[in-house]
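Colleague: Each chain is listed here by its residues.
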Amino acid sequence: NAGVTQTPKFQVLKTGQSMTLQCAQDMNHEYMSWYRQDPGMGLRLIHYSVGAGITDQGEVPNGYNVSRSTTEDFPLRLLSAAPSQTSVYFCASSTIGEQYFGPGTRLTVT
Amino acid sequence: AQSVAQPEDQVNVAEGNPLTVKCTYSVSGNPYLFWYVQYPNRGLQFLLKYITGDNLVKGSYGFEAEFNKSQTSFHLKKPSALVSDSALYFCAVRDRASGGSYIPTFGRGTSLIVHP
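Taken in sequence, the protein lines are chains A and B. In terms of the numbering used here, the first sequence opens at residue 1 and continues consecutively. In terms of the numbering used here, the second sequence opens at residue 1 and continues consecutively.
Everything labelled a hint here was simulated from the structure, so no lab data went into it. Any given hint could turn out to be false.
Claimed, not checked - Have a look at the derived ranges for each label pair, beta carbon to beta carbon:
| # | chain 1 | residue 1 | chain 2 | residue 2 | range |
| --- | --- | --- | --- | --- | --- |
| 1 | A | Met27 | B | Lys77 | 23 to 33 Å |
| 2 | B | Tyr39 | A | Asp26 | 32 to 42 Å |
| 3 | B | Ser26 | A | Ile96 | 12 to 22 Å |
| 4 | B | Glu66 | A | Ile96 | 21 to 31 Å |
Unchecked claim - A few chain A residues that face chain B, going by a derived Cβ cut-off under 7 Å, partial list only:
| # | residue |
| --- | --- |
| 5 | Ser33 |
| 6 | Tyr48 |
| 7 | Gly51 |
| 8 | Ile96 |
| 9 | Phe101 |
| 10 | Gly102 |
| 11 | Pro103 |
| 12 | Gly104 |
As the list claims (entries may be wrong) - In silico DMTMM-like links for lysine to aspartate or glutamate, alpha-carbon gap of 25 Å or less:
| # | chain 1 | residue 1 | chain 2 | residue 2 |
| --- | --- | --- | --- | --- |
| 13 | B | Lys49 | A | Asp26 |
| 14 | B | Lys22 | A | Asp73 |
| 15 | B | Lys22 | A | Asp26 |
| 16 | B | Lys77 | B | Asp9 |
| 17 | A | Lys14 | A | Glu72 |
| 18 | B | Lys58 | A | Asp38 |
Nothing here was measured: the structure is a model prediction, and the numbers come from that model. Think of the CB as a built atom: it goes at the ideal place given N, C-alpha and C, for glycine as much as any other residue.
Sequences are here, hints too, so could you generate the full structure?
Modeller: Put into structure tokens, the structure is as follows:
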């Protein structure tokens, strides 16, 4: 049981490039979410999903897209990277209780 | 709407002393409350939760938290701090009347530093 996995662990992008952060869970959880963590800002919700085929925006969705074609996978797409998207990104999954977090992806946009 | 506040950016305590990390919340209905811990360069780990029932909740690593409905607080406590408890602590709340999103709101985090 791997829990929540995220790839890659580290990534450096140039401004304007696009990429996809991968997230997968093997616990058959309905709910999945993406957060970014910045110093002094805590965790801010980007997008979330309440089941396959259903996604919604969180607090800071601009510049990011998501899709949920299966229960297990919830990729986060950066459409055109900007320096303001330099952050640590966490994926989480849950049922109605506590969330289980992945190890994070540290993204730097130059 | 749901929100949570952690009024202290940093808490310093000596090893062996009791520690408290504060959290207050706001919800329109009744809350689900959570505490998580984050060690450097790691993801968040679940510590404990309040759903219903006893106001004193016990969790991992000797931590406990007290739910106080009248003060809308859910402070994290430990009777005797360890240096290894030094980490970033997050409080989170989810409104039971959230309409089914089941996604909590997190506080900004409190850095706990335990001095030897």
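Colleague: Each hint should be assessed against the structure and marked as holding or not.
Modeller: Here is what the structure says about each hint:
1. A:Met27 <-> B:Lys77: 23 to 33 Å: With a Cβ separation near 30 Å, A:Met27 and B:Lys77 satisfy 23 to 33 Å, so the hint holds.
2. B:Tyr39 <-> A:Asp26: 32 to 42 Å: violated, 23 Å
3. B:Ser26 <-> A:Ile96: 12 to 22 Å: Check passed, 20 Å falls within 12 to 22 Å.
4. B:Glu66 <-> A:Ile96: 21 to 31 Å: holds, 23 Å
5. Ser33: For A:Ser33, the interface hint holds, since the closest Cβ of chain B sits about 6 Å away, which is under 7 Å.
6. Tyr48: Cβ of A:Tyr48 sits 5 Å from chain B, so the hint holds.
7. Gly51: violated, 10 Å
8. Ile96: holds, 6 Å
9. Phe101: For A:Phe101, the interface hint holds, since the closest Cβ of chain B sits about 4 Å away, which is under 7 Å.
10. Gly102: holds, 6 Å
11. Pro103: holds, 5 Å
12. Gly104: holds, 5 Å
13. B:Lys49 <-> A:Asp26: Given pair B:Lys49, A:Asp26 holds - Cα atoms ~22 Å apart, limit 25 Å.
14. B:Lys22 <-> A:Asp73: violated, 35 Å
15. B:Lys22 <-> A:Asp26: Outside the cut-off at roughly 34 Å; violated.
16. B:Lys77 <-> B:Asp9: Distance ~16 Å between B:Lys77 and B:Asp9 Cα, so the pair holds.
17. A:Lys14 <-> A:Glu72: violated, 30 Å
18. B:Lys58 <-> A:Asp38: violated, 30 Å
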